[in-house]
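Engineer: Residue numbers (our numbering), protein chains in the order written: chain A, 1 to 281; chain B, 282 to 574.
It should be emphasised that the hints constitute simulated quantities derived from the structure, not laboratory data.
Don't take each hint at face value.
[Claimed, not checked] Each computed DSS-like pair below joins lysine-lysine, with the alpha-carbon atoms no more than 25 Å apart: (1) B:Lys382 to A:Lys274; (2) B:Lys466 to A:Lys270; (3) B:Lys382 to A:Lys270; (4) B:Lys382 to B:Lys466; (5) A:Lys274 to B:Lys330.
The lines below spell out each chain.
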Amino acid sequence: MSGMVEKRGVGTWLTHAGLIFGIAVICFPIWIAFVASTVTQDDLIRPPMPLLPGPHFFDNYLEALLTGGVAPVWQMLLNSLVMALGITIGKIIISLLSAYAIVYFRFRFRMLFFWLIFMTLMLPVEVRIVPTYEVVASLGLLNSYTGLILPLIASATATFLFRQLFMTIPDELTEAARVDGAGPIRFFIDILLPMSRTNIAALFVILFIYGWNQYLWPLLITTEPSMNTVIMGIKQMLPTGDQTVEWPVIMATAMLAMLPPVLVVIGMQKLFVKGLVESEK
Amino acid sequence: MEKRVVFDNRWLPYLLVAPQLLVTFVFFFWPAGQAIYQSAFIPDPFGLKTQFVGFGNFEYLFGNRYYRESFLTTAVFSVLVTISAMSFALWLAVLADRVIKGSSAYRTLLIWPYAVAPAIAGVLWLFMFNPFTGIIAWMLSQMGYVWNHNLDGGQAMALVVAASAWKQISYNFLFFLAGLQAIPKSVIEAAAIDGASFWRRFWTIVFPLLSPTTFFLLVVNIIYAFFDTFGVIHTITQGGPQQSTTILVYKVFADGFVGQDLGSSAAQSVVLLVLVGILTVVQFRFIERRVHY
Chain A
1 MSGMVEKRGV GTWLTHAGLI FGIAVICFPI WIAFVASTVT QDDLIRPPMP LLPGPHFFDN
61 YLEALLTGGV APVWQMLLNS LVMALGITIG KIIISLLSAY AIVYFRFRFR MLFFWLIFMT
121 LMLPVEVRIV PTYEVVASLG LLNSYTGLIL PLIASATATF LFRQLFMTIP DELTEAARVD
181 GAGPIRFFID ILLPMSRTNI AALFVILFIY GWNQYLWPLL ITTEPSMNTV IMGIKQMLPT
241 GDQTVEWPVI MATAMLAMLP PVLVVIGMQK LFVKGLVESE K
Chain B
282 MEKRVVFDNR WLPYLLVAPQ LLVTFVFFFW PAGQAIYQSA FIPDPFGLKT QFVGFGNFEY
342 LFGNRYYRES FLTTAVFSVL VTISAMSFAL WLAVLADRVI KGSSAYRTLL IWPYAVAPAI
402 AGVLWLFMFN PFTGIIAWML SQMGYVWNHN LDGGQAMALV VAASAWKQIS YNFLFFLAGL
462 QAIPKSVIEA AAIDGASFWR RFWTIVFPLL SPTTFFLLVV NIIYAFFDTF GVIHTITQGG
522 PQQSTTILVY KVFADGFVGQ DLGSSAAQSV VLLVLVGILT VVQFRFIERR VHY
C-alpha cells in the first residue's frame, strides 16, 4: 500500500514482529482462559498453571452447560440469545418506523418528536438505573424477557442512521412509486426496506453484540437464576460465596459466553466494520 | 435537510413514531424525571414518607469526601484507560498500515476482542492476576514482586485499567487504521522524497492529518471509561480496596442498590446526566467538524 516509500528488509521484519507481539498480547488472556477450560482444578490451584491445553475439554464444557453455577449455562445462553435478539430486532423495527415517519411525512410535532428521541442519546441505562428499575418493577416486569428487552430498545443512534440513509434515497424513486399508485406502506415495504438491506444487516451485527454483552441491567432485574443471562451469570460463579464452582468450569463458561459475539464479528467482518463506522457518525 | 417529496397521511406518521416514543417516555423520560424529583428529597428513617430538601442531597454529596474521591478516581481511571487503549491501538494501526502482505489476517486477529463483554474481560484478567493462583501474579512473584489487588489500591487500579483498555484496543485500532488509510499516499511519498524519516513523517504529517480521528476516539474512549466499564469493576474489585476503584457509575449502583440511599443515588444520577450531556455535546461538535474535513 505504501509501496515505494517503505524500504524492504529489516523494517518489514520489524513491522511484522511488532504486529505479532501486539496480537500475542491481545490474545494471551483468551489463550489462558481456553487452556484453563481444558484442565482440572488441581492443575490450576498450584501455580504455575500449564500453558498448553489438557484433556478435559469435554468434561468441563459439559459440566458448565448442564450444571453450571446457580443455573445451567445452556439456560443462561438461551436467555442471552433471547435478550440479544429481542433488543436487536426491537431497536431496528422501532427505529426504521420512526425514521420513516420523520423523513417522509410532514406532521405536527415532527421536530419535537425528533428531539425527544435525540435526547435519549444522553441517557445511558447506567445513568438512570435506580429509577428505571423502579419503573420496571412497578410495571411487574422483573424476571421477564419483556423487562430485559424493552428498556433497552429505544435508540437514537439507529433512528439517526436510518434517517441519514433515507435522506440519500433519490426523490425520483418516491415520485415514480407515487405515479405507479403505491401508497406509503407499499413504498416502505417494496422500495425502502430492500434498499436498506445492507445497513440493516450491519446494524444487526453491532446491536447483537451490544445486546448480548449487557451486564448491569440483567444483573438488577433478574433475581431468579432461571432468568440469568450468561454475561451476568458468570459473576455469580466466581468464588466469593459459600458454594464454590471450579475455575475450569468458570473458564469454560467464559469461553461459551464470548463465542457467539466473537463468531459474529469474525464471520461478518465487513458488515461489522461498516456498522461500527456508520453507527458512530 | 428536508425531503421535497413526502406522503400525505393524517394518522399514519403518528402511528409510526408511537412505538419509539412510548418506549422513550416510559423508560427514559419518566425515570430521568424520577431521578431529578427524588434528588430533592430524603426518606425519613422508617421509609414511610419523604422530606423535601431542595439541593440538600447535592450539598451533602459534594461535601462528602468519598464522593469527591470517586470523582478523582473516575478521572484517573478514564485518563489511564484512554491513553493506554489509544496509544497501543495507534501503534498497531501504524504497523498494520505499513504491511502489504497479510494485513487482513492481522486485522481479523486484532478486532475480535471488541466482541468480548466488559464483564467477561474482567473475569479473564481476574483469573490471570488472582493473587494465589493467577499465572501473571505467579510470574511477578518469581521476580520478587508481590501482587495482591485485594489489598493494594494501586494494583487494583492498574488491573481494572488494563482489563478495560484491553477490550477497547480493537475499536480504536479499526478507526485509526481507517484514518491512516484515508491519508493520501502522495503526501507521504512527497515527504519521503524530501528525505524525511519515517518517524519525522509520522509526527509532522500523519499525526496532524489523523487529528479528527484522534479527537473523536478521545471522546468515545472517555465515554466508554465512564459508563461501559461497570462490568470490569464489578467483577474484579467491586470498587475496592477502600473505594480505590469506585468510579462514579459504580458508586450510583453501590449507594442505590447496596446502600439503599435513594436520595443520594438519585442526586448522583443527575450529576452523571449532566456529565453525559456535556460529553454528548462535545462529541457532536467534533463530529460536525469531522464532516468539514
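Engineer: Would you mind marking each hint as holding or not holding in the structure?
Structural biologist: Evaluation of the provided hints:
1. B:Lys382 to A:Lys274: 23 Å, holds
2. B:Lys466 to A:Lys270: 24 Å, holds
3. B:Lys382 to A:Lys270: 19 Å, holds
4. B:Lys382 to B:Lys466: 18 Å, holds
5. A:Lys274 to B:Lys330: 52 Å, violated
Checked against the numbered hints given earlier, this structure breaks only hint 5.
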